[in-house]
Every structure is written in structure tokens, then in C-alpha cells.
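A.B. asks: What follows is each chain in one-letter form.
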Amino acid sequence: MLATPLPPFQLLIDEYAGDVLAVLRGAVGREGAEDCFQETFLAALRAYPRLEDARNLRGWLLTIAHRKAIDHHRARGRAPVPVAEPPEAAVEDGLPERDERLWAAVGSLPPKQRAAVALRYGSDLPHGEIAAALGCSPEAARRSLHEGLKRLRKELG
Amino acid sequence: MKTATNTAIDRFKARAAEEGLLDVAYATADSPFGPLLLAQSRRGLVRVGLPNQDPDELLGELAERVSPRVLEAPAELDEARRELDLYFEGKLDRFDLPLDWSLSNGFRLRVLRAIARIPYGQTRSYTEMARKAGNERAVRAAGTACGSNPIPLVVPCHRVLRTGGALGGYGGGLPMKRGLLELEGVLDE
Numbered sequence: 001m002l003a004t005p006l007p008p009f010q011l012l013i014d015e016y017a018g019d020v021l022a023v024l025r026g027a028v029g030r031e032g033a034e035d036c037f038q039e040t041f042l043a044a045l046r047a048y049p050r051l052e053d054a055r056n057l058r059g060w061l062l063t064i065a066h067r068k069a070i071d072h073h074r075a076r077g078r079a080p081v082p083v084a085e086p087p088e089a090a091v092e093d094g095l096p097e098r099d100e101r102l103w104a105a106v107g108s109l110p111p112k113q114r115a116a117v118a119l120r121y122g123s124d125l126p127h128g129e130i131a132a133a134l135g136c137s138p139e140a141a142r143r144s145l146h147e148g149l150k151r152l153r154k155e156l157g
Numbered sequence: 001m002k003t004a005t006n007t008a009i010d011r012f013k014a015r016a017a018e019e020g021l022l023d024v025a026y027a028t029a030d031s032p033f034g035p036l037l038l039a040q041s042r043r044g045l046v047r048v049g050l051p052n053q054d055p056d057e058l059l060g061e062l063a064e065r066v067s068p069r070v071l072e073a074p075a076e077l078d079e080a081r082r083e084l085d086l087y088f089e090g091k092l093d094r095f096d097l098p099l100d101w102s103l104s105n106g107f108r109l110r111v112l113r114a115i116a117r118i119p120y121g122q123t124r125s126y127t128e129m130a131r132k133a134g135n136e137r138a139v140r141a142a143g144t145a146c147g148s149n150p151i152p153l154v155v156p157c158h159r160v161l162r163t164g165g166a167l168g169g170y171g172g173g174l175p176m177k178r179g180l181l182e183l184e185g186v187l188d189e
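Chains as they are written, first to last, in the numbering used here: chain V, 1 to 157; chain U, 1 to 189.
Possibly wrong hints are sitting among the right ones.
[What the hints assert, rightly or not] Restricting the straight-line Cα-Cα distance to at most 20 Å, the calculated cross-link-like pairs of lysine to aspartate or glutamate (DMTMM-like) are:
| # | chain 1 | residue 1 | chain 2 | residue 2 |
| --- | --- | --- | --- | --- |
| 1 | V | LYS112 | V | ASP19 |
| 2 | U | LYS91 | U | GLU182 |
| 3 | U | LYS2 | V | ASP19 |
| 4 | U | LYS2 | V | ASP71 |
| 5 | U | LYS2 | V | GLU15 |
[Unchecked claim] Non-contacting residues of chain U with respect to chain V, defined by C-beta distances greater than 10 Å in every case (computed):
| # | residue |
| --- | --- |
| 6 | ALA8 |
| 7 | ALA16 |
| 8 | LEU99 |
The set of hints was computed from the structure by calculation and includes no laboratory data.
Here the structure is a predicted model, which means the values were calculated and not measured.
Backbone N, C-alpha and C define an ideal beta-carbon position, used for all residues, glycine too.
One chain only, chain U, in its complex shape:
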């Protein structure tokens, strides 16, 4: 049963949304790898937290770096959740979500924008990403940029591998990277 407090909270959040006060709306979403945290600013999806990342820490970071007006508002994330569900079912090969890049800048941002253009089911090397971002020799920095990707899955850093095909690293852990590449048919299950 809903308590009076919960009802009051729901009404407050509806009004906050109407008045444009939801600077950061967040929700959790299920995935085959565990729960994801999805956070959206007015501009678009700003953060995806992977199952092995601490949601409280991520929300604290959003409060500091985007806006402290951070509220749990699942309805705001319906579209992102829907597309991710389809993706995990293998029924969606391109996300169509507005993105907010404001957590990244400089070389890292250029690397992440290049990663966002890697098509479904294909992979690139860290070296190629460094070149696309304008500095072929900054391979290690390109790897760091992948590791710092605030919007994994939607910005598919799991599609970046070492030259020669070794998996490299992944913020969500290597089993997840392998699982995503299997889902996309790059690796055999």
C-alpha cells in the first residue's frame, strides 16, 4: 500500500517536472548483466552506470558536476529504458537518444564522439580511435577515454579492442564486454 508520504512525494515530483526543475532525472533499468543506472539531464542521457558501479557514488558525482537537483523519476527515462531493452533482446542496432556530453571534454570527448559512430557488430582498435580523435600516438589516452566513458552501451566503448583483437579493458568488467560482443555477433558464444 502506498503511504501518504509516498503519494505526497509522487505529486511533488510531477510538479517539479512540470516546472522544469528536474535537472537530472534518474532511474534504474534491468539488463542481462545486472541493474543499470540511467541519468538524464535536460539535454539528454548524461550517465549510464554499469552493474559493478556504485549508484550512490555516481549520483553524488552528478550532483556535483551537473546539478544537485537530482531526482529519481523513472517515467522520464522510459524511452532510454525501452531502447536498451530492445538492444539487449538483439532487436535494436542503433540508439536514437539525445545525449548530453557535458561530463567529457577535450581529447576524451573527441574519442568518445568517434566511438559513438562505430556501427553495431563492428569493432575498432584503440589506435584507430586515437587517430580519429586527432592524435594517433595518444593510444594510451584513447584507452583512458574509453575507460572514462560516462555513457557506456549507448556510446559503445565495448566495440573498441586492442590492435590484434585482444579485448582490452571495460568499466563494467571483461565478462560484460565479452557478453556484449557476443550479443552483437562479433564473438562466438
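The shape of chain V in the complex, shown without the other chains:
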């Protein structure tokens, strides 16, 4: 018997799809985010019945999203990420317009820093979970986040 039964997968979509897409936009840019989103949720759905711990489903999804973002960058030979389009009039998913410029800047950070910033601010993940998602020590995660933020401040003035 599982300690916590797995909820219907639909619940993961209802609760976390927006977070996953926001994090992926930060990590790979608007262009690649949709594909990575598909890959993330398909991988999650395939693995879901075998998942043994239902306590941190959000962290689990974001970990998969992060791996898919890395795959995406590898497939592109670590080419620079195309930054987001200039802001349109419409505001999507409730993200304020001025965030577009910020996310574009996040999109141009080196992969580790970008992921750390996206996980921390796009998805509000605590440091421990960022480390787990990135597969590094909390200290290294903190450093990536710090470096990323320093660059952003410089870039956005």
C-alpha cells in the first residue's frame, strides 16, 4: 500500500501546468517551451503509475521539466537561446507585460543559472528543491542563482 495514493493525473495538469510552462519559458525561451512542455508531461504520464512517492508532485514535474530543458539545449548544440518576441498587447497566463523583458534576459543566461533563476522565481521553488531539480548541491544551486541574478541586474540595469 502506498502511504499517499496517487491522485488522478488530471490534478497535476490542473495544478501545475501553468508553473511548468512558465519555468520552461524561462529555461528554453518561448519557442521551445511548448515542445518541452509536451515532452515533460508525456514522460510524467508514462512514469506516473510507477511513482512511489506522491508527496512532492510539483517538484517531481519540475525535475522532469528541467531534464527536458537540458535535452532541448543539447539537441541544439548549446546554441544561444532565441529570446522571447517583443511583448504583445495581450497578457498571457496573467504574466504582466513588463516581465517579458525580464524573461528574455533570463533566457539568455547560461543554462545552469537560467534554470536556477527560472525555478526560483518562475516557479517559486525553495533552494533545496532547486538543488534536487538541478541534480547539484544546495550550495551550488545557491551559487548559480546568485550569479544569474547578478547578471540580470547588470543587464536590466
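Based on the hints, put chain U in the right spot on chain V.
C.D. replies: Here is chain U on its own, set in the frame of chain V:
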């Protein structure tokens, strides 16, 4: 307007269906008695939730007992919805839907299979159902089997009454049972 997230979700679900990952697809359907929950496994219709039942609870149960790959996918339930619509309009007297019986077993399953063969517009007693299932004396158990019917309406447990004609019970409430029997012309409106 559709958000980018909704578009991404729709595409994901289409791909999940293509890859055969929809272990349980569900949708809601309107009925004269209120919203129904329809859930379908790869084998067929596995669960019909009546208006007075909590959909979240039913979906949680499906996740535990059938598969946690439970996704809202209305298109998958189009045929079931179509037949139910016709039934409620009085234009369909026999459902032609594949059924998944896996939520029931033993004596209960035998009772439910017997119920599935009761024709439209006719009724049987709990005693008859107990006999058909192989144990005439298990009348109370036959009643419990009706009450636990995971696929009501399509498996027409509303057609089972007490000996003598009293309505007995119904998972969807007695007004609904009465309404269904009126629809089928068994009871006068």
C-alpha cells in the same frame, strides 16, 4: 480566449491519446437529473457518476483501482454521451457501449450482469436478481450489489424493485429512480 497553457494542455492530451496512455478518460455529461460523470478505460465504460455523487471522490477511486493515468478527455466519451442523450430523450432503448466490469467481482458482478439484461421498460425484483446470480436467498446481498453498481443507467439497476413493487433504493436518490421509470413508461408521470 484560450491561454497558451490551455493550448499546450490540449496538444499534450492529443499526444497522450495517440500513444495509448489514456488509461482512464473522463468527461461530464448533462442529464435531466443533473451532471453525470462518465469514465472509460481502454476496455470500455467503467464508471458512471450520478448527480448526487462527488466527482472528485469517484476520480480518486478510479486512480486507485483502475489506473492513476486519469485524464479529462471529452472526445473519448462522445459515443457514450450521444447514447445517453438519446436515452434521456426517450429515443434509445438499448445501449450499445463496451463495458469494463473490472470494478466488480464475485456475486456482485453476477448480479450486475443479470441486471444488464433487464429490457427497457421492464422491472425485476431483488429476489429474482439474487436467483439469477445463483443464490436466491442472498436478497440483501443482491440489493447491496445494485447499490454498488459502478455503471448505473447503462447497467439499469433502476429497473430492480422490491417484491410487490416498492421502489427500494437508488444510488442517485429515489426521485431519480422514479424519474427514470417514468421515462421508460413503467410508472405513470
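A.B. asks: List in ascending order the numbers of the hints, as given earlier, that are violated by the structure.
C.D. replies: 4, 6, 7
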